[in-house]
Amino acid sequence: MAIATKFQEPNNFKDPLNFAPVIDLNDLSVEFGGRPILKGLRGELRGRAIGLLGPNGAGKTTLIHTLLGFHPPSSGTAHIFGKDILTDAKQIRSLIGYMPERDAFIAKMSAVHLVRLMAELSGLPSEAALERAHEALFYVGLGEARYRGLETYSLGMKQLAKLAQAIVHGPKLIFLDEPTNGLDPPARARMIKLIREIRDSGQANIVLSSHLLRDVEECCEEILILKDGRIAVYCNLEEERKANRKFLVLETRGDQNKFAAAVADLGCEYALTGDHRVKIVLPEGIEVRDLYRIAADQQLQIRRLSYKRDSLEDIFLKAMENGHGSL
Amino acid sequence: MAVYEHTYKNYSGPLTAEWSRFLIIPRNAFRDVFKSKLFTAFFVICFIPLLAEAVLIYLHHNVNALTILQVNVRELLPIDGSFFQFFVNLQNGFAFFVALLVGPPLVSRDLRNNALPLYLCRPFSRAEYVAGKMSVLLILLSAMTWVPQLLLFLFQSYLEGARWFVDNLWIASAIVISSVVWILLLALLSQAISSLVKWRVVASGAILGLFFIPSVFGEVVNVVFRTRWGSLISLGALIKNVTAGLFRTFEPTTNVVTDFDDVIVRGIVLTQPPLWVSWAVLFLVCAICLAILSQRVKAYEVVK
Numbered sequence: 001m002a003i004a005t006k007f008q009e010p011n012n013f014k015d016p017l018n019f020a021p022v023i024d025l026n027d028l029s030v031e032f033g034g035r036p037i038l039k040g041l042r043g044e045l046r047g048r049a050i051g052l053l054g055p056n057g058a059g060k061t062t063l064i065h066t067l068l069g070f071h072p073p074s075s076g077t078a079h080i081f082g083k084d085i086l087t088d089a090k091q092i093r094s095l096i097g098y099m100p101e102r103d104a105f106i107a108k109m110s111a112v113h114l115v116r117l118m119a120e121l122s123g124l125p126s127e128a129a130l131e132r133a134h135e136a137l138f139y140v141g142l143g144e145a146r147y148r149g150l151e152t153y154s155l156g157m158k159q160l161a162k163l164a165q166a167i168v169h170g171p172k173l174i175f176l177d178e179p180t181n182g183l184d185p186p187a188r189a190r191m192i193k194l195i196r197e198i199r200d201s202g203q204a205n206i207v208l209s210s211h212l213l214r215d216v217e218e219c220c221e222e223i224l225i226l227k228d229g230r231i232a233v234y235c236n237l238e239e240e241r242k243a244n245r246k247f248l249v250l251e252t253r254g255d256q257n258k259f260a261a262a263v264a265d266l267g268c269e270y271a272l273t274g275d276h277r278v279k280i281v282l283p284e285g286i287e288v289r290d291l292y293r294i295a296a297d298q299q300l301q302i303r304r305l306s307y308k309r310d311s312l313e314d315i316f317l318k319a320m321e322n323g324h325g326s327l
Numbered sequence: 001m002a003v004y005e006h007t008y009k010n011y012s013g014p015l016t017a018e019w020s021r022f023l024i025i026p027r028n029a030f031r032d033v034f035k036s037k038l039f040t041a042f043f044v045i046c047f048i049p050l051l052a053e054a055v056l057i058y059l060h061h062n063v064n065a066l067t068i069l070q071v072n073v074r075e076l077l078p079i080d081g082s083f084f085q086f087f088v089n090l091q092n093g094f095a096f097f098v099a100l101l102v103g104p105p106l107v108s109r110d111l112r113n114n115a116l117p118l119y120l121c122r123p124f125s126r127a128e129y130v131a132g133k134m135s136v137l138l139i140l141l142s143a144m145t146w147v148p149q150l151l152l153f154l155f156q157s158y159l160e161g162a163r164w165f166v167d168n169l170w171i172a173s174a175i176v177i178s179s180v181v182w183i184l185l186l187a188l189l190s191q192a193i194s195s196l197v198k199w200r201v202v203a204s205g206a207i208l209g210l211f212f213i214p215s216v217f218g219e220v221v222n223v224v225f226r227t228r229w230g231s232l233i234s235l236g237a238l239i240k241n242v243t244a245g246l247f248r249t250f251e252p253t254t255n256v257v258t259d260f261d262d263v264i265v266r267g268i269v270l271t272q273p274p275l276w277v278s279w280a281v282l283f284l285v286c287a288i289c290l291a292i293l294s295q296r297v298k299a300y301e302v303v304k
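Chains A and B, in that order, give the protein sequences.
My numbering puts the first residue of the first sequence at 1, with every later residue one more than the last.
My numbering puts the first residue of the second sequence at 1, with every later residue one more than the last.
Because the hints were derived from the structure by calculation, they are not lab data.
These figures come from a predicted structure and were not determined experimentally.
Backbone N, C-alpha and C fix where the C-beta goes; we use that ideal spot for every residue, glycine too.
When the alpha-carbon atoms are kept at most 27 Å apart in a straight line, the in silico DSSO-like pairs for lysine-lysine are as follows:
no.	chain 1	residue 1	chain 2	residue 2
1	A	K172	B	K298
2	A	K158	B	K198
3	A	K90	B	K298
4	B	K298	A	K108
5	A	K108	B	K35
6	B	K198	A	K108
To be clear about the criterion: a stretch of chain B counts as covered by chain A if any three or more of its residues have a C-beta under 8 Å from a C-beta of chain A, and this derived list gives those stretches:
no.	stretch
7	10-20
8	291-300
Bound conformation, chain A alone (with noise of 0.2 Å):
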């Protein structure tokens, strides 16, 4: 069996999969009841790892769901790697690693059961079920607990339990609802460091949803946020970030009261910070060589210039504000 080196490079141009977009979303509405909880979602996510971000109620878990063939479309449909979840439903499944938010496992069963039973229904023939049970337990760093039983497991060795059974098949797509819930700072420090190996294998792509943003900012490189059952925004994580180019920070030398003041008169808010550094928002109409300019004016040398990068909160808080749906 060929071992995958860390860090390899996803294979994309031998793999037709990997032509399509990883989800593919064409006005994907989902019902409950007569209650719309997706409303046309409508897009192609195509980053390795994606972060699902959205207050409760959202519709984040149900999008996985969804996805997955457990809830049926109201209308529209979605594709994960080209195939129609409503008719390649099976086919869909076998690519697919599910790790779901609440506790889930077989009770009287220890962990090395379980997964290679969970291995077995994948359709891995029973001995390398077995050896690839191991493997992910092992991986995951429950090895040494492997043959406790489930019920004896704490909420972290669980957690972990879980993600075992959602990689032991070697899945293309890796759904993780809510891996880090229940989890104390070092346990959740393993959880994304194992996420993070994941995504950086380059053999799977990740679907992390959570409403922690930290996971999602330490793991994913595109963020798809829902708000009320719509997209709000999908986005590079660290294109959206750079994208904010209106709030500068200028270390100078020279007579900063001047440049101050002159900046000012542009009307731009302004705040020394004393260490020779100027914090400055730009309002609209107003570019950074109107600033070069007054410094040339005033002689002040700028030695440095950096834009204040929006945090994932920034984004997020931005996203519930306004709604926009950027994709």
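Place chain B on chain A using the hints.
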């Protein structure tokens, strides 16, 4: 692969046939079921009547053994449809208790621990899940009812000759059909109840109740209204009628009512419900069970 090389990797080996994956469930279930020594002992005891049946068949054809035991062949039960019907009914009784022990936790345990999403997020459908869970009982109960009975029928045919085999082929079909109907009913009922009740003991109690309470109520209806149609709500009576029909011992009319110290006051001939009605009610019960299973076996319940 050595366990020290911990890294995520895809699986690129061979896969098992999709149709065969539901059999993974009974294989795992049997491992759990036979962990209990008490259950294993009970399961072994269930085969004792079959042993007695085999001995009786053998004695019928072994004059030396009869001489040693000083038994006249006429004192033994004749080997005919009634003989096999008696043992089929006996084994079906044992099957009921095995189903009572094995059936209730099959689905309820998964529901209690939210395990259904783990099954159903794989290339494994709800129908395959139900088939897998049902096959636990189907295999186990078949092994103690129609399979050994059929072997004993073949044993009797071997000893008696080909002519007997041809003349009594209907007995073989009666053995198989009556047992399979009973097993299917037990499997469906226990799965349906198991999917409604999360606690094993309550589920076992519910199965017992479902068989005995309507039987008592049906008998009360029969006595009060001087009819036999009350049997239609008794699953035991339904199966008894169907089995009797298959073994050609069904009597459409029964019972002469006697009152007051065996002095016949009025003689009333009571008519049994027609056989097709018993079949129809059994089908209806099975359909209701399937509907319940279809409703309950879902990855997540949507609260509307």
